[in-house]
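K.L.:
Residues per chain are reported as follows:
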Amino acid sequence: MPRMINQHQTSAARFQRRLLLRCFIGFVLTASSLAAQNPKPKEYELKAVYLFNFARLAAWPDTAGSSKSESFAICVLGEDPFGPFLDAVISGENIGGRAVVARRISDPRDAASCRVLYVSSSEETRLKQILTTLNKARVLTVSDMPQFSQRGGMIQFVADNNKIRFEVNLKNTSDSGLTLSSELLKVAVAVITSPPPGD
Amino acid sequence: MPTSVCRGGTAVALLIVGSLRILPAMAQDTRTAGEDQEVSGQLKKLSLEQLSKIDVTSVSKEPVTVARTPAAVYVLTQEDLRQSGVTTIPEALRLVPGVEVARIDSSKWSIGVRGFGSRLSRSVLVLIDGRSVYTQLFAGVYWEVQDTLLEDVDRIEVIRGPGGTIWGANAVNAVINIITKNARDTKGILATIGGGNVDQGTGAFRYGGNRKHIDFRVYGKGSSRGPEFHPDRDRFDSWQMGQAGFRADWKGPSRDTLTVQGDIYDADDGEDVVVSQYSPPSAATVVGAAEVSGGNLLAQWNHTVSGGSDFHLQAYFDRTVRHEASFAESRNTIDIDFLDRMTLPLHQTFLWGLGARFSPGNATPVIPTILFIPNQRTDKLYSGFVQDEIPLIGDRLSVTLGSKILHNIYTGFELQPSARLLWTPTANQSFWAGFTRAVRTPSRVDDEDMLSGLIAASPPTFIRLIGDGKFDSERLLSYEAGYRSLVSSSIRFDVAVFYNDYDHLLSIEPGVPFAETSPSPTHTVIPYFIRNGVLGTTYGIEVAPDWRPTSWWRLSGSYSFLHMDMGKTAGSHDSATPASTEGSSPQQQAVVQSSFQLPKGFEFGQTYRYVSALPAKQIRGYSTGDVSLGWLLGRSWEVSVAGRDLLQPFHAEMNGDPGPVVGIRRSVYAKITLRD
Numbered sequence: 023m024p025r026m027i028n029q030h031q032t033s034a035a036r037f038q039r040r041l042l043l044r045c046f047i048g049f050v051l052t053a054s055s056l057a058a059q060n061p062k063p064k065e066y067e068l069k070a071v072y073l074f075n076f077a078r079l080a081a082w083p084d085t086a087g088s089s090k091s092e093s094f095a096i097c098v099l100g101e102d103p104f105g106p107f108l109d110a111v112i113s114g115e116n117i118g119g120r121a122v123v124a125r126r127i128s129d130p131r132d133a134a135s136c137r138v139l140y141v142s143s144s145e146e147t148r149l150k151q152i153l154t155t156l157n158k159a160r161v162l163t164v165s166d167m168p169q170f171s172q173r174g175g176m177i178q179f180v181a182d183n184n185k186i187r188f189e190v191n192l193k194n195t196s197d198s199g200l201t202l203s204s205e206l207l208k209v210a211v212a213v214i215t216s217p218p219p220g221d
Numbered sequence: 003m004p005t006s007v008c009r010g011g012t013a014v015a016l017l018i019v020g021s022l023r024i025l026p027a028m029a030q031d032t033r034t035a036g037e038d039q040e041v042s043g044q045l046k047k048l049s050l051e052q053l054s055k056i057d058v059t060s061v062s063k064e065p066v067t068v069a070r071t072p073a074a075v076y077v078l079t080q081e082d083l084r085q086s087g088v089t090t091i092p093e094a095l096r097l098v099p100g101v102e103v104a105r106i107d108s109s110k111w112s113i114g115v116r117g118f119g120s121r122l123s124r125s126v127l128v129l130i131d132g133r134s135v136y137t138q139l140f141a142g143v144y145w146e147v148q149d150t151l152l153e154d155v156d157r158i159e160v161i162r163g164p165g166g167t168i169w170g171a172n173a174v175n176a177v178i179n180i181i182t183k184n185a186r187d188t189k190g191i192l193a194t195i196g197g198g199n200v201d202q203g204t205g206a207f208r209y210g211g212n213r214k215h216i217d218f219r220v221y222g223k224g225s226s227r228g229p230e231f232h233p234d235r236d237r238f239d240s241w242q243m244g245q246a247g248f249r250a251d252w253k254g255p256s257r258d259t260l261t262v263q264g265d266i267y268d269a270d271d272g273e274d275v276v277v278s279q280y281s282p283p284s285a286a287t288v289v290g291a292a293e294v295s296g297g298n299l300l301a302q303w304n305h306t307v308s309g310g311s312d313f314h315l316q317a318y319f320d321r322t323v324r325h326e327a328s329f330a331e332s333r334n335t336i337d338i339d340f341l342d343r344m345t346l347p348l349h350q351t352f353l354w355g356l357g358a359r360f361s362p363g364n365a366t367p368v369i370p371t372i373l374f375i376p377n378q379r380t381d382k383l384y385s386g387f388v389q390d391e392i393p394l395i396g397d398r399l400s401v402t403l404g405s406k407i408l409h410n411i412y413t414g415f416e417l418q419p420s421a422r423l424l425w426t427p428t429a430n431q432s433f434w435a436g437f438t439r440a441v442r443t444p445s446r447v448d449d450e451d452m453l454s455g456l457i458a459a460s461p462p463t464f465i466r467l468i469g470d471g472k473f474d475s476e477r478l479l480s481y482e483a484g485y486r487s488l489v490s491s492s493i494r495f496d497v498a499v500f501y502n503d504y505d506h507l508l509s510i511e512p513g514v515p516f517a518e519t520s521p522s523p524t525h526t527v528i529p530y531f532i533r534n535g536v537l538g539t540t541y542g543i544e545v546a547p548d549w550r551p552t553s554w555w556r557l558s559g560s561y562s563f564l565h566m567d568m569g570k571t572a573g574s575h576d577s578a579t580p581a582s583t584e585g586s587s588p589q590q591q592a593v594v595q596s597s598f599q600l601p602k603g604f605e606f607g608q609t610y611r612y613v614s615a616l617p618a619k620q621i622r623g624y625s626t627g628d629v630s631l632g633w634l635l636g637r638s639w640e641v642s643v644a645g646r647d648l649l650q651p652f653h654a655e656m657n658g659d660p661g662p663v664v665g666i667r668r669s670v671y672a673k674i675t676l677r678d
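Residue numbers (my numbering), protein chains in the order written: chain G, 23 to 221; chain B, 3 to 678.
Simulated from the structure, these hints should not be mistaken for lab results. Model, not experiment: these values are computed from the prediction. Glycine included, each C-beta is placed from N, C-alpha and C at the ideal position. You can take every hint at face value.
Just so you have them, the derived chain B footprint on chain G, three or more residues with Cβ under 8 Å: (1) 67 to 81; (2) 110 to 117.
Pairwise CB distance ranges (calculated): (3) B/244 - G/126: 55 to 61 Å; (4) G/121 - B/649: 55 to 61 Å; (5) G/126 - B/254: 30 to 36 Å; (6) G/125 - B/398: 32 to 38 Å; (7) G/196 - B/259: 30 to 36 Å; (8) G/102 - B/254: 28 to 34 Å; (9) G/196 - B/258: 32 to 38 Å; (10) G/92 - B/317: 56 to 62 Å; (11) B/386 - G/154: 51 to 57 Å; (12) B/398 - G/121: 37 to 43 Å; (13) B/678 - G/154: 36 to 42 Å; (14) B/258 - G/154: 29 to 35 Å; (15) B/627 - G/123: 51 to 57 Å.
Sequences and hints are given; from them, build the entire structure.
P.N.:
The following block contains the structure:
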């Protein structure tokens, strides 16, 4: 079982301060004094946070050619299931010194400038074409589509009762020159390392 | 919006509702951008692993998470089990508020929920992956044979109070639901080996893998536990057991899942048994071992229909064999259950189900003083239920109405209705209230047996407990309420109160003594009949806070208060049972738990437990403590050391069964775990 060591020093400190304050107010708090916290997020809220974490926990090959001013794009190809929530997740965030932005695209040819590409289920019929277009570009592909990780994709969300989990095709990520952190691989439900038979 | 379409629905629409689909995004998305920011901020603080454990609202079904359950639910997670260093399921239950766990000796426990603790936990429904482990012979649970690989347990859900309508028979005081992991989550090798001064040796092995679309695991485990402390040096209670099992999960292309699982076990539980004989009139304490074995096979099919409905079909076979110095029984149970969930207009969630259970048992006499007449009998239980959860004000206020109807061979039809209300004024707090009628139906021991014990040798006199078919179901009217608050993302708070009104509880009524010539010599029998002469009320409160001050420190605990006021009906002469029932449950219990996630893979947990006195059992209140230290070496190896009941060399928790009180010893236990 992986252990949770303090990963977010700053947020933890912020949190402690807030907590102390609340202790003084007392255990029984009125609703108005609380920020809205939903104990049960919706499916795509959680997936949006996952997308951001995937971006954080993947490494792209040396990007010396690109300047620091270039943004870090998380793209949604096809129908957008996240709505404004994806923007809320990435707002103000940096990865490797680059500001994270969300982009909605409809043409797979626009995906080459993305770091992370979420392929919406609306694109299922043309998945093959999309992956051919990407042609091993250095883009981390993520989708809900069944068998996505076996059809050339990299990370596929899978539903586990009411939990959202994911599986990874390591062959497809390394073919594109991407590496994934061990934390990500450890949590994955399945890590596929070889091409499917008959492929 | 689809919701307004639904509001126009009529009863006819109930029939076609299967095709009604409500888009999640449109259903209740009223959050502002600022609130989105807050929610995303909370979620972003979590690690990937924590994210993978969160329940979400999904399109097809509304998960009933703890926060939205209108009942007193407490969940022990795999993390809780690991950090507490427990080696058995009953020991883990000590951490649950409202549950009283008293270890009688090495292999026996007395467990009660909101009072009524007993060796066999009567009136508590215990399920392992949907399989009821309640024995029909004695109306209770033999805890020592309820085991699995603890590392493969996903969670243990404990619902205090009558479990609502959907649970099976005898869920009067609680439902304990032990749920193991899907085989998909137990891939690879797990091997553990451990030992200590009381848990002398334990070993377990599991292998999980997959073929095509089937995930599977197989496991085996064995353990040997030494005797506890015996003031009379009669160290009868050593305990050896072995168990093996498997689970296979198949996930179909889209809407179906199938699970097949099974276990077999064999154990020797050392015990003292009083054996009375008619000729010559004698009563002797025999030291021996209960030889217990059994096995089960379960299959479950889940199918998701479109439009937010699904059904479950489950069948199992369960065999139990028990051979003691005084009695023996073998039992084969076949059970089949069907449950269907659908969404009705106005976002109602409607459940209905049917179940049938056939359970032939054979209690061949071992000694003439303990007889079940006839030896063989088949318990048959048919049950059905309906339940409807109706949102009254959006998803803020909902009412759940339902009833269970069951038919058993002893009392015929029994109706168990329930009404529950859930109010969630804000997303992070909820109030609930419930009213339930529940019954415990008779079991064979209440109904058709003769248990005799010698009380005087000269002239030979026996008392005899007689079940003569006149015992009726025990009844409960329960009033409950609770409040849960997610004070912040690191503080949870849960409080539940209850008032239970019991009637027709079991009493033992003396009859007219008579002389019996056969078997010779002639002896006097003082008969006692099993009747329903006890009644009473209980009330109490359970509080369970949980605080994570930092990402590496968790502080949690619980406090439970129970008051029992038992009495007898006008026609009853049994004043002993009310007094002994009242005095056999602790009035107060407290648990404080702290766990640290330390650098370099260390984990350190401490638990303090207090249980107040049991006057009827001459057991004083006690406090004790447990600590556990785990060390994760790389990804594969883990070393852990757990000390339990550390604050004194030994302490008593329950009276002997039979014999003098047994002291539960301070114990230390070390374990090495390999995961690959």
